[in-house]
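Novice: One rule links them: number in my numbering = place in the sequence shown (from 1) + 977.
Since the hints were made in silico from the structure, they are not lab data. None of these values were measured; they are calculated from a predicted model. Please note that a few of the clues may not be correct.
As the list claims (entries may be wrong) - Here are the simulated DSS-like pairs of lysine-lysine, each with C-alpha atoms no more than 27 angstroms apart in a straight line: (1) Lys1045 - Lys1075; (2) Lys1075 - Lys1181; (3) Lys1181 - Lys1168; (4) Lys1006 - Lys1026; (5) Lys1006 - Lys1045.
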Amino acid sequence: MVLVDIIVFILVLGLLVFVHELGHFIAAKSCGVYVDRFSLGMPPRLFGKRIGETDYCISALPIGGYVKMAGQEDKPLTEEERETHYGHVPSERWLNNKPRWQRFMVFAAGPLMNFVLAIVLYAVIAGVGAEIPQTEVDNRIGAVEPGSPAAEAPLYLIEDGAKESEAEPPPPAVGWQMGDRILSVDGSMVKNIRDLAMAAALGKGETLRIELERTGPDGVPRRYYSPVRPRVMEDEELSRVGVAPFVTPVIVDVLPGSPAAQHGLQAGDVITRMDDVSVDTSAFMER
């Protein structure tokens, strides 16, 4: 894994550096600056080819790159060095002899190309998309905290076609369960369990009118009316009813050499059964 990470890092760094230096190179050429070398990687030079006046090459250290231009030296050249390296280059093609706006364009082109690359990559990712494991399933309850308002809330069966006010009288069932679906809160439809959490936090401790759906042992879903009063629990500051979202048991990562890896489990796999028991939420997997 470490070796893969290093290789990926080098490849990504190489792409960023190539695009960055390409920006400097294109701007320098467009301004008439003499470019002696365009290198991907830092010295020493491994191989390359001179095309026209420029040496296009690959260098040994994959930690950067550079564009070597006349008039852009880390330290001033002596007259002898100037004559040796750039004696054939007219003075008007030296970077330091160019107008300020051209020098600015050459230096700014590198970061600008990286910015353009970011936009292009973002557009590609947005267009192609990526599969993200579904970790939260709509409005289903994944767990109920013992002693919480949800665990103690009464449930009144609502007959088919009946309104909330026509729910069957007591004795009610007591307590929400894993797998129950929250259909509405105070008459507002619930699409995600977070809607319930938000209503509980903002409700100032007032009783919420909940309609939920539960599938019985016979496989038939039934609707229930369940009034519940959120409260502040333990050391928390916000009121809540004490439920957690239903979480699909998706494998996020597999440790190398672990029993899971040895048996071929991979990231993205969904656990459906465990010891011949149907698995409905990742709470079963905490072992």
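Novice: Against the 27 angstroms threshold, does the CA-CA distance of Lys1181 and Lys1168 hold or violate the hint?
Specialist: holds, 22 angstroms
Novice: Quick one, are Lys1006 and Lys1045 close enough, alpha carbons at most 27 angstroms?
Specialist: Holds. Lys1006 to Lys1045 sits at ~12 angstroms (cutoff 27 angstroms).
Novice: Is Lys1006 within 27 angstroms of Lys1026, Cα to Cα?
Specialist: holds, 18 angstroms
Novice: Lys1075 and Lys1181 were given as a pair; does the straight-line alpha-carbon distance stay at or below 27 angstroms?
Specialist: violated, 69 angstroms
Novice: Lys1045 and Lys1075: Cα distance at most 27 angstroms?
Specialist: Holds - the C-alpha atoms of Lys1075 and Lys1045 are around 16 angstroms apart, at most 27 angstroms.
Violated hint: 2 only; the structure is consistent with all others.
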